[in-house]
Each structure stands twice: as structure tokens, then as C-alpha cells.
Amino acid sequence: MRYFFSRVAQSLVIISGITVSVFFMLRFTAGDPARIRGNIYATNEVLEEYRRQFGTDRTVAEQFYSFIKGVIRGNLGDSFRYQQPVTELVLPALRNTMLLGFMALLISITFAIILGTMSARNPNGLVARASGVIAVFGQSAPLFWVGLLLINIFALKLGWLPSGGLTDWKNLVLPSMTLALSILPSQMRVLAASVKAEMDEDYVRTAHAFGLSSKKVYFIHVLRNACLPLLTVIGNDMGVLLGGSIVAEVVFNFPGIGTLALVGLNARDYPLLQGVTIVAASTFVLINLIVDLLYTVMNPRVRLGISK
Amino acid sequence: MRDLIRESTLLFFSSLSVAIICIVAIFGPFFAPDPLEQDIINSLLPPFSQGHIFGTDPLGRDIFSRIVSGARVSLIVSLLGMIGSLTVGTIMGLVSGARNQWIAWGSDRLIDIQMAFPYILLAIVIVSATTASIPVLIFLMVLAGWASAARVIRSIVLSEQPKDYVKAASLVGATQKRILVKYIGPTLIPAIFTIAPLQASAMIVMEATLSFLGLGVQPPTPSWGGMLLEGKIYLSEAWWLTTIPGIAIAITCASLIGVGEGLSIKLRGDRSRRIDPSKTENSSLKGSAKL
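For the record, the sequence lines run as chains A and B.
As numbered in the working numbering, the first sequence has no gaps in its residue numbers, which increase by one up to the final residue, 308.
As numbered in the working numbering, the second sequence has no gaps in its residue numbers, which increase by one up to the final residue, 1291.
These aren't lab readings, by the way, just hints derived from the structure by calculation.
Hints may be right or wrong, so weigh each one.
[Stated by the list, open to error] List of simulated lysine-lysine pairs, DSS-like, C-alpha gap at most 30 Å: (1) A:Lys170 - B:Lys1266; (2) B:Lys1232 - A:Lys157; (3) B:Lys1177 - B:Lys1167; (4) B:Lys1232 - B:Lys1177; (5) A:Lys170 - A:Lys196; (6) A:Lys157 - A:Lys170; (7) A:Lys196 - B:Lys1266; (8) A:Lys196 - A:Lys215; (9) B:Lys1163 - B:Lys1232.
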């Protein structure tokens, strides 16, 4: 329980640290959003009007005060570019991104378990070799390039799947496959290694001695224990997953957090960028927290505080 | 014995391939045609056209020359990013392995935050706060890459701390700083050499990704990621614009990963033959450079 509270407190510290630093980084170094909003012939009066509208004519301290006051009430301000509350823009985008990430995770875990299992049981077999090739490819080919290749093959040449956007479940197939390939190698490796290690444990021999079929031993006993390290890897992969989904969104024109962040970047839309960063970081920290807690639930050694 | 040969062949061929890529990147631009020379009449020629082995881009620029001089840009940027991130990562790893609880706690959290936060988002914020340029790109790469190196180094430092030679040094009166730098420091060198190629490969992917998002190397300077960005619009008419730079990246990264794997297998093998087969801290190297 104490562990739980300290983890939650830590997460809050991280989120507020990121929030504050993003705010000041943008205020002190970025260009003038009014100048980007107005056309190049805009007179000073027009620019002043924009600044008043955006609230960037106030001092940084005043802006920070009203920003923090808004954040506490769950209001992230209005987007400069879209003229509507940032939360209305960010939350649907976040939902899409999470959908994409979740699909990718599902695909990669499924494949990791299937391929990892098969290659651990028969290290010299065809599957083991093939998954080795997949792992190297997934690690060395940049995600966006894989995305472009898939678009080229499945959308342009074969015409089976749409190349971008989000109107239908079909739109999710290519981006989530792309994303899955980028996190698959580490998961597959870890799973294969831990399956191999678990197979040598005494309890496996005992289970065999009791007359359990090797399938039963594997799926009921070995796989459950072998999945623990996988959970850690998945926790670590969250950053890769979110970062990767941003890239995949750009390739596939997918309406998610990443696309929104790039729009915010080009328009110097402070509230939008802040909103995206804060929401993404919070989601992220929250997911990590859940993975950590899940780990303690699944692993009694951690739960009971026994070290080693 | 056969395994040993196989391990060495991996190291040999991947090193050879890295060496060839480096030589091409260094000397190629002197021989290939100008990568910036436009030739609108011969635009979008497919590969194996006359005079253009990899074809041309929408402005009629020779893809082969662009790949070769892009290799130079990409490799230099990645090399600097690798050196920077390894330096910062090693220092932070040493610090977080220190005995002082507060310092260790602080740097641990810093590593966690860095690992936790998606670097692309960070890159977008930083680029919007400054402008996209090569120094900023290198800074971003260091920022994104140091934490994974720090994590590996920390795990090694922590496994060295309880050993007798460290205790002996501290009994003799060596300060914590001296122990970290003079005593534990040298034990990190093999690990650093093993992470370096993996880190370099991660940096190449990162350079390409950032340039692809328009946050890295800016046109007209050719870089592999930038070429992919330019080719994206012509995906349906000219597949080679995106396919060829991607293959260049994949081959380079695969060779670098091969070198890293080969080195790590070799080091582990040497160690296990010598005395201590139970120590497998190298296993933590796996996947460390996956960013």
C-alpha cells in the first residue's frame, strides 16, 4: 500500500514537472504565434489584436497563473488555430491513438507468444530462423519506412486496404501492423529467453513426473511464469509505442495525438502543444503505473517486498 | 567450435559491411555526380536507367549520389549523437550507481522520466521552441538516447559495487567518486563497446525518423530520412524514391546490430571461458538500444 502511494505521488511529480517545463520552454524560446497566424502583410495593429486574442500580450507570469488555474479545473485553454477548447481536440485524438497502440500491442503480443514459444521449443527450426529475420528487420528498418512499404504494397498495388485516414476498422490494419513490427523484436526475444529458462526449472520436471501432458505443462505452468519478464518489456515499450504511433500517424494520416502535435508545432499553437504534451504524458505515466502495479500483483516476490 | 566460427563470421561480415558503408560515405561523394544538380527533363527516371543506376527524383537529381552524400550526413550526425549519448549515459549511469541515496534516487527518476517520455513528442516541443537544424538534431538524439545507455551502465555498476575490490578500495579510503571513476570505470569499457554499435544503429533510425517528420536535416541537404519525406508524396508513381533510402538505412542498421551482437557474444564467450560463467550482465544489453 505504501508502495502504491509513493508510486502515485511520483507520477504526479513527473506530470507536473513536464507540464511546467513545456510551458516555459514554449514561452521563452518559440516564435510569435500571432506572426504565424497573421499573413505577411499584417500590420502591427492586427498582430496586437491577435496577441490580445491569444493572451500572449500579457507577461509570462500572468499567462502561467491563468494556465495553472485552468489546468486545475481541467481546462487547457483554447487552441490558437482552431479557436476551440484544446480538450475537445485532444481527447478524441487521444482515443484514436490509444486504439492504435492497443491494437498494435495486441498484435505484437500474439505474435511474440506464438513465435517466441515455437522458437524456444525448437531453436533450429524454420520458425526460429524466420523470427530471427523478422526481429532483425523490425529492429533495423525504420517504422515509417515499413509503413510506406505496406502502403505501397497493400494499398496502392493490391488495393486491399485503405492507405490512411480513419473511417473504418480497415484503416487500423496497416498502421497497427507497422507499429507492432517495431515492438515485436524485443518482446519476442525476451519471451523466447524466459521460456527457455523456465523449461529448465524443477517445477516443470515435477509437473511432467505427475503425468501432465507437455502441452498442459507448457500452457498452464511455463507460459504463465515466462510472461512476467514480458510484462516488464511491455512497460518499457510504452514509450516506443507512443512515440512510434506518432510517426505511424503521420505516415498514415491518422487523426491522433501525433498529427495534432505536428499541427500545433507548425502553427506555434501553444495551448494545443501544451495540451497534447500534458495529456500524452499523463496517459503515459498512468499506463506505466498500471503496468507496475500489475507486475506487483502478478509477482508475489515483489508484492511481499522480498528482495532477491 | 562450430559455434565459435559462426559467431566470428557474424562479427566479420557485419564489420566488413559497416567498413564498406563508411568508405563509400567518406569517398563516394568525390566520385558520384553532384547530388544537388537538377535535370528536369530526366525527372523520375526508374532505377537502372542510363546514367542513373538508382533512378532520379522529381527534380531529376541522381538518387545514387543523394544516397551516397546522404550517407555522409546521416552517419556523421549519428556518430556524434552516439558519442554524445554514450558520454552522458555513462556519466549518468555511474552517478545513479553511486552509494549516495539521494543522488542515486534523483538520477534514477531522471532516467525513468526520460525512458518514459516519448522522444518524438519531446522533439516536436523542442523544435517548435527553437528551429530545426543539425546541432538541434544532434542535441535531440543525445537527449533521446542517453537513458538507455545509462540504464545498462547502472546495472553493471550496481553489480560491481558489492565486489571485494570495491570494498577494499573503500577501506583504503578511496572516495566514492574515485571508486566510480578509477575502479569501476574500467570494467565498463567492454560494455560500452558493445552498446556503441547498437546505439549508432538506433541513432541512424532516429535521424531518419526526425528528418522524415521535418524536424531534422533540412532540404536541400540530402539525408536518408529527408529523401523518404520527399519521396512520400510520389509513393504511387515512383516506388524507388522511398524504397532505396529505406534499404540503405535497413542495411546499415542491420550491419551495426550485427557488430554489436557479434561483440557481445564474443565478450561473453571469452569471459565464460576464463573464469566466471555465472555472470551474465551482458544479457541486459539486449534490446537496450531499441528506441
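Hints, one by one, checked against the model:
Restraint check for A:Lys170 and B:Lys1266: not satisfied, since their Cα atoms lie roughly 46 Å apart, outside the 30 Å limit. Pair hint B:Lys1232 plus A:Lys157 holds up; C-alpha atoms about 15 Å apart against a cutoff of 30 Å. For the suggested pair B:Lys1177 and B:Lys1167, the alpha carbons sit about 14 Å apart, so the restraint of at most 30 Å is met. Of the pairs offered as hints, the one joining B:Lys1232 and B:Lys1177 is violated, with about 51 Å between alpha carbons and a cut-off of 30 Å exceeded.
For the proposed pair A:Lys170 and A:Lys196, the alpha carbon gap of about 37 Å is over 30 Å, so the pair is violated. Between A:Lys157 and A:Lys170, the direct Cα distance comes to roughly 16 Å. Compliance with the 30 Å bound is thereby established for this hinted pair. Between A:Lys196 and B:Lys1266 the alpha-carbon distance is near 21 Å, which keeps this suggested pair within the 30 Å criterion. Using a Cα cut-off of 30 Å, the hinted pair A:Lys196 and A:Lys215 holds, with the two alpha carbons roughly 15 Å apart.
Our distance criterion of 30 Å between C-alpha atoms is broken by B:Lys1163 and B:Lys1232, whose separation comes to about 54 Å.
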